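K.L.:
Since the structure of chain S is provided, determine the placement of chain X on it from the hints.
Number of protein chains: 2
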Amino acid sequence: MTAKAAKRRGDERTASAAALLNATAELLSEATNIDVSLNEISQRASVNSAMIKYYFGNKEGLLLALLERDAETAMASLKALSDMDMPAQKKLKIHINGIINAYYKSPYINRLIHYMVESGSPEASRRVAQIFIEPMIEVYRDMVAQGVHEGVLKDVDPGLLYYCLVGAADHIFHAGYSVPATLGIERLDDGIKQRYAELVCDIYLRGLAP
Amino acid sequence: MTAKAAKRRGDERTASAAALLNATAELLSEATNIDVSLNEISQRASVNSAMIKYYFGNKEGLLLALLERDAETAMASLKALSDMDMPAQKKLKIHINGIINAYYKSPYINRLIHYMVESGSPEASRRVAQIFIEPMIEVYRDMVAQGVHEGVLKDVDPGLLYYCLVGAADHIFHAGYSVPATLGIERLDDGIKQRYAELVCDIYLRGLAP
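Chains S and X supply the protein sequences, listed in that same order.
Positions 1083 to 1292 (the working numbering) are the ones given, in order, by the first sequence.
Positions 1083 to 1292 (the working numbering) are the ones given, in order, by the second sequence.
Take these hints with a grain of salt, some might be off.
Repeated chains share a single entry, so a pair holds when one copy, or any two copies, can fit it.
What the hints assert, rightly or not - Derived pair list, reagent style EDC-like, types lysine to aspartate or glutamate, alpha-carbon separation capped at 20 Å: (1) 1236 x 1284; (2) 1175 x 1284; (3) 1275 x 1237; (4) 1135 x 1232; (5) 1275 x 1239; (6) 1175 x 1272; (7) 1236 x 1142; (8) 1175 x 1142; (9) 1161 x 1216.
Hints listed in this document are in silico derivations from the structure and should not be mistaken for laboratory results.
This one's a predicted model, so the numbers in the text were calculated from it and none came from an experiment.
Same shape as in the complex, but just chain S (with noise of 0.2 Å):
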């Protein structure tokens, strides 16, 4: 095989894999719960399902890129952030409306996380945590100092405020089914979305000043 026929071929495997996860995540999101089976991914995707195994293992290796390949956009964003030249109290605005939008757009993320750490390998729990958790307290232990020096936010433990901000900004879209009971309308949509974010902000900016 040629250097440029090896590449192509490279291309490609890269192309099936890539198809492969954007059909995981779009089966998941339809979904409520994670019972998506490798068929229908591979039907999705257009992708032989031997390919699954081929560049994942099996179903756990799949999700397991999944939930990688969306830490590692949410993550470089958030640490960005987190470095900007900002007052904390924008820093942390900017936050939650991320988040929101986050999960809003991967309901699933959640979910994976939980099922993975329950369900999954005590491998796939410990990276989980070390891909999402570990570097989102990171920045909350910035953001507090940050704030708590400039005078605009109480020093609070950031493990907790972690927590507290992390479930408010995910149980509407993870407790989806409940919207009709709740708010009256047939599902979730972005105005919706955005008046929830605008609460959730409010609550905590104020909720958290000295």
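P.N.:
Leaving out everything else, chain X in the frame of chain S:
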């Protein structure tokens, strides 16, 4: 059978059903998911596993009965709180402490609600909305209206408030596996639960002030 014997037989049945519900609650509290087998439950309860079929029909029926029992207690206290002659802010504070204590004591509640709604029958899903979500929204509506009237709460959408408050109260227990990474402790205890409840109360009471 004499009336006395029939009553004794009835009491024994009720005791077996209660033992099965208690065993299920215990096993679910110890587990990180809802994969608890009927065998484990009947062994823990020291009740023949055929009795599960007799009393509850199947596993879904047993889990639904457990949720109904938990909901009955929780919703009765919530309704009593709502009806009390007490300022809205104090009601909100007692309510926040109440749900955090409930999730701490029975961390399986929201996991079970999600499971019933996502994987259960349509009837189970409707029943869960009826017993948990509708009564809570009703109380949130009254509490917000009272607080607005007293001039101590902003006029927020009770449905949106429900999600961000329940999410905040629940996530630390739902995501208990992450506690070593976030808080540097092995597992949640009374002290952390108390500090968490104080933080959530403080954020929401100040964050919801007009």
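K.L.:
Of all the hints given earlier, name the ones this structure violates by number, lowest first.
P.N.:
Hints 4, 7, 8 contradicted; others consistent.
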